[in-house]
Amino acid sequence: MERRSFAVITVGTGLMMGLLGNIFFFNHMLGVSFPIYILLAVALVLILSRPAGQTVHRRNLWLLLPLAFFAVMSAVRADQLITVLDITAALTLGAVGLYYFPLTQNIDTEPLVAYPKAIIETGFMIPAYAVTESVESWRWLSEKRHQRGNLIASIVRGGVFALPIILVFAVLLGSADAVFASYVNQAFEGVRQALGLQFLGDTMSHLVLTGFLTVTVSGSLGYVLLRRPPVAPAARPTLPDDDLADGVVLPDTKPKSKPRFKLSMVESGIIMGSVVALFAAFVAIQFAYFFGGERTVQVAGITYAQYARRGFFELVAVSVLTLGLSLILDHVSVRQTKRENILFRVLALMIVALTTIMLISASQRMWLYEEAFGFTQLRVYTHVFMLWLGVLFGMYVLAVFRLRMNIFALGVVLAIIGYVGTLNLMDVDHYIADRNIARYYESHDLDLAFLNTLSADAVPAVLPLWQETKEDTIVNKWAGQWLKLQLMKLDTEMIGGGQLPFSFNVSRQTAWRALDGVRKQLPDYDPSIYWGANSYSQISTGDRSDYTSGWDSVATAAPGGE
476 MERRSFAVIT VGTGLMMGLL GNIFFFNHML GVSFPIYILL AVALVLILSR
526 PAGQTVHRRN LWLLLPLAFF AVMSAVRADQ LITVLDITAA LTLGAVGLYY
576 FPLTQNIDTE PLVAYPKAII ETGFMIPAYA VTESVESWRW LSEKRHQRGN
626 LIASIVRGGV FALPIILVFA VLLGSADAVF ASYVNQAFEG VRQALGLQFL
676 GDTMSHLVLT GFLTVTVSGS LGYVLLRRPP VAPAARPTLP DDDLADGVVL
726 PDTKPKSKPR FKLSMVESGI IMGSVVALFA AFVAIQFAYF FGGERTVQVA
776 GITYAQYARR GFFELVAVSV LTLGLSLILD HVSVRQTKRE NILFRVLALM
826 IVALTTIMLI SASQRMWLYE EAFGFTQLRV YTHVFMLWLG VLFGMYVLAV
876 FRLRMNIFAL GVVLAIIGYV GTLNLMDVDH YIADRNIARY YESHDLDLAF
926 LNTLSADAVP AVLPLWQETK EDTIVNKWAG QWLKLQLMKL DTEMIGGGQL
976 PFSFNVSRQT AWRALDGVRK QLPDYDPSIY WGANSYSQIS TGDRSDYTSG
1026 WDSVATAAPG GE
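If you count the sequence shown from 1, you need to add 475 to reach my numbering.
For the record, the hints were derived by calculation from the structure and aren't laboratory data.
No residue lacks a Cβ here, since even glycine has one placed at the ideal position from N, Cα and C.
Do not take every clue at face value.
Using 27 angstroms as the maximum straight-line C-alpha spacing, the simulated DSSO-like pairs for lysine-lysine come out as follows [said to hold, decoys possible]:
| hint | residue 1 | residue 2 |
| --- | --- | --- |
| 1 | K813 | K737 |
| 2 | K945 | K959 |
| 3 | K995 | K952 |
| 4 | K592 | K737 |
| 5 | K945 | K995 |
| 6 | K959 | K995 |
| 7 | K952 | K964 |
| 8 | K945 | K964 |
| 9 | K964 | K995 |
For each label pair, taking beta carbons as the anchor points, the in silico distance ranges come out as [as the list claims (entries may be wrong)]:
| hint | residue 1 | residue 2 | range |
| --- | --- | --- | --- |
| 10 | P526 | L802 | 41 to 47 angstroms |
| 11 | R703 | Q811 | 39 to 45 angstroms |
| 12 | A755 | L873 | 19 to 25 angstroms |
| 13 | G799 | A755 | 16 to 22 angstroms |
| 14 | A792 | R614 | 56 to 62 angstroms |
| 15 | D1001 | V606 | 54 to 60 angstroms |
| 16 | R614 | S657 | 37 to 43 angstroms |
| 17 | L960 | V821 | 56 to 62 angstroms |
| 18 | S657 | F979 | 34 to 40 angstroms |
Sequences and hints are given; from them, build the entire structure.
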């Protein structure tokens, strides 16, 4: 297809997607609109690749699977933090995909630094390509006007010129004179009603959103469909890396880049050996005290739960720093003999093994702490993070043995995808509410103030609590008020910004249906007895100490508990 003709298609497609996005997103809560929009954009890239003469590298299409997963999950969970993570993950994967789809490089064999570079370049190049496509489209219209004297082309060109100029002057003059602003608003209202566009409200907001999406989509299409992979240089003989003992370079791999700062194996060995000795001493203490159970803790004035708690974040920090140190040493250490290479790998394996034990210790500490004080987002997110940090250490071991080019970089990508995916599949807010309520039934404490912060994802767990705790008036009253407030919010969303179908969300819809079924049984909402964060109305002074929020949260126990 001729270059300028295709530019008209990209700009026109971008404008249509901008208008569609305005309908989907303006004054609407995010729901199925986001995955529909993202998947439609992906489909446009694949459909237009043929007329653009672009070859999409098929091996890189696996990236579409996690992209689609996160886009869809944004319409499944009501938890705002999970939704932000899903949208961020989908857009980030989309940016990486836009960069790599036209290229011959395999995403899964690229170095770690290539991914942020791809994201940054994509962010800068999208608006640049949007401008380029607009200019090419304009030239096409100009040619048509000169060749055929096409009146329509002239009208379009004149309108494109006039519209932004009129808008800028109208906004400035409207800001200068209130009467003029009212006439402008009345004129827009008349046009809006005449065209049947009653859904259009704030003119500038609509134009900004539509313009932003138009630029993003048209620029993305131009960026992914008009680039061509660079011509590969002539193949040259590859010398083996001098720090590989057997002098063998794996097929289809590059020799390891030479660092400017180098350490001999003696220096690296001292560093790694010292770390191994320190970690071994710490692990020995863990087996003697922590893994030995409560009876083995003989620290004066410290309970087993306190002993378990106090080192959790420090152990996670040590694990992260150890991973970074190991990667740096792997890069800067010069191993010129087979013996040095074996020594480095042995020390690296020892560090990984000892760090794994510390991760297990940290995980057990957090589990004990959650059992003692309850579950929160911070604790659950950190617990899941530790699991995927362990996966990264496994990928580091594979990288040390050079089993695959840039395998650690691939491991980082998969670990991030796995981490956010695990949080989605867990349904964190529901999990937290369910676990804390289960602890309550086992005569443990319940943090009502914290439960107030949970989203509609927690409704299926809290509803049975309200129905089954008639004897415990405080908990029953709290559950009834929380459920009533959730119903009021969901009613507002259904009528207003969350009106179907654009903002349909599985979790919100499920919660609304469950609460709508008990609407008549729920108590009237009374803000004076609603337990917000740091607000404990209707609880006597003597009881308030039992309802606290924070890391060491304590609340009421189930009837009959200790």
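A quick look at each hint next to the structure:
1. For the given pair, K813 sits about 18 angstroms from K737 by alpha-carbon distance, which is consistent with the 27 angstroms threshold.
2. For the hint linking K945 to K959, the alpha-carbon distance of about 16 angstroms falls within 27 angstroms, and the restraint holds.
3. Distance check on the hinted pair: K995 and K952 sit about 16 angstroms apart at the alpha-carbon level, within 27 angstroms; holds.
4. Restraint check for K592 and K737: satisfied, since their Cα atoms lie roughly 25 angstroms apart, inside the 27 angstroms limit.
5. Between K945 and K995 the alpha-carbon distance is near 17 angstroms, which keeps this suggested pair within the 27 angstroms criterion.
6. Proposed proximity of K959 and K995 is supported: the alpha carbons are some 10 angstroms apart, at most 27 angstroms.
7. A C-alpha spacing of about 18 angstroms is found between K952 and K964, which places the hinted pair at or below 27 angstroms, so the restraint holds.
8. Of the supplied pair hints, the one linking K945 and K964 holds, its CA atoms being roughly 25 angstroms apart against a limit of 27 angstroms.
9. Proposed proximity of K964 and K995 is supported: the alpha carbons are some 16 angstroms apart, at most 27 angstroms.
10. Distance hint check for P526 and L802: the Cβ-Cβ separation is about 44 angstroms, which falls inside the suggested range of 41 to 47 angstroms.
11. Checked against the given bound of 39 to 45 angstroms, the beta carbons of R703 and Q811, roughly 42 angstroms apart, stay inside it.
12. Separation of A755 from L873 is about 24 angstroms and conforms to the stated range, judged on CB atoms against 19 to 25 angstroms.
13. Under the hint 16 to 22 angstroms, the C-beta atoms of G799 and A755, about 20 angstroms apart, fit the expected range.
14. Distance hint check for A792 and R614: the Cβ-Cβ separation is about 57 angstroms, which falls inside the suggested range of 56 to 62 angstroms.
15. A hinted range of 54 to 60 angstroms for the beta carbons of D1001 and V606 is consistent with their spacing of about 57 angstroms.
16. The given range of 37 to 43 angstroms is respected by R614 and S657, whose C-beta atoms sit roughly 40 angstroms from each other.
17. Checked against the hint of 56 to 62 angstroms, the C-beta distance between L960 and V821 comes to roughly 59 angstroms, which is consistent with it.
18. Look at S657 against F979: about 37 angstroms separates their beta carbons, and that is inside 34 to 40 angstroms.
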